[in-house]
Amino acid sequence: MTLPSRPRAVVTGAGSGLGRALCEALASRQARVLVSDVDPATAQETARRITGLGGEAHVYPCDVTDAEAVEGLARAADDAFGGVDLLVNNAGVGAAGAIGEMPLAEWRRVMDVNLWGVIHGCHAFVPRMRKQGSGHVLNIASLAGLVYAPHLGAYNTSKAAVVALSETLYAELRPLGLGVTVACPTFFRTNIAASARFSDPAMKGMGAKLVDGAKWGPEWVAARLLTAVDQGAPHVLPMADARWFWRLRRWMPGLTLRAIIEVERRYRERSARQPH
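Using the UniProt record's numbering, you'd call the opening residue of the sequence shown number 1 and step up by one each time.
Bear in mind the hints are in silico, worked out from the structure with no lab data behind them.
Don't take each hint at face value.
Heads up, simulated SDA-like pairs for lysine to any residue below, C-alpha to C-alpha not over 20 Å straight-line [said to hold, decoys possible]: (1) K131 - L169; (2) K131 - A98; (3) K131 - D79; (4) K131 - P61; (5) K131 - D78; (6) K131 - T51; (7) K131 - P150.
Pair ranges (Cβ atoms, derived) [what the hints assert, rightly or not]: (8) L176 - G100: 40 to 46 Å; (9) E172 - W251: 27 to 33 Å; (10) W244 - S28: 43 to 49 Å; (11) R265 - S134: 47 to 53 Å; (12) G72 - P253: 21 to 27 Å; (13) S28 - A98: 14 to 20 Å; (14) G72 - R265: 18 to 24 Å; (15) I261 - G54: 35 to 41 Å; (16) A164 - G54: 36 to 42 Å; (17) R250 - R48: 41 to 47 Å; (18) A98 - G52: 27 to 33 Å; (19) R174 - W244: 39 to 45 Å.
Ideal Cβ placement from N, Cα and C applies to all residues, glycine included.
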């Protein structure tokens with residue numbers, strides 16, 4: 001299941017953060033990368049970095065919420081490389097707010113990018129991988145897809161669906177010799193908190209603190225994700241705390257839920273003490 005030499009890769013959300021770090025890690029393997037992002041300028045900067053590291057880069061701006069645009073991305077990969085060895089469905093957005101308080105428009109935005117973006121990617125690229133008889137899909141979810149914190153209802157729901165989709169796709173493709181890996185990291189240093197939308201202002205400060213204070217950077221995460229792809233792993237939880245929480249959730253679901261409720265209680269106490 002190891003990626004071939006000079007792999008042909010497509011990465012969405014490649015203009016910054018984990019997407020850019022994955023592109024740079026692939027460039028160290030002299031990969032040929034189709035860099036995709038909704039922001040053409042950041043995609044071009046990622047492409048420049050890839051070529052500087054010895055890889056080959058092509059840019060295709062794409063809004064993953066648009067199925068036709070993602071199909072165009074797949075055709076661009078066909079034209080550039082004649083196929084794809086690795087598809088990384090990385091594009092994503094963050095949002096926080098209590099259920100019933102977050103606007104429905106924000107729910108739709110989160111689901112459109114985080115879930116439908118992955119569905120569109122799989123729908124466009126998986127038939128091509130089946131036809132060529134090889135390929136690997138790396139879907140970026142989150143620990144939020146396995147353990148569900150309060151005030152992250154939309155984000156949790158989108159990422160849990162990505163985990164379910166990925167496990168289903170793994171079962172469908174593994175007998176054909178194709179690979180699927182779903183990544184479920186915890187917080188790491190990236191710009192997702194800065195670009196996220198918060199229905200509750202208190203959550204914005206908490207999210208920024210967790211992200212900015214994280215021990216790990218996107219380069220560290222990217223290296224471990226590509227190792228998991230090489231190993232053909234169905235899941236990758238790169239951080240030890242993520243693996244611990246997942247085990248706790250599976251082995252002691254009642255205790256996990258009580259711990260989450262306690263976190264919510266303390267959050268409410270802090271919010272009540274803050275001036276409004």
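Exercise. What hints, given by number in increasing order, does this structure fail?
Worked result: 2, 4, 6, 7, 10, 12, 13, 14, 15, 18, 19
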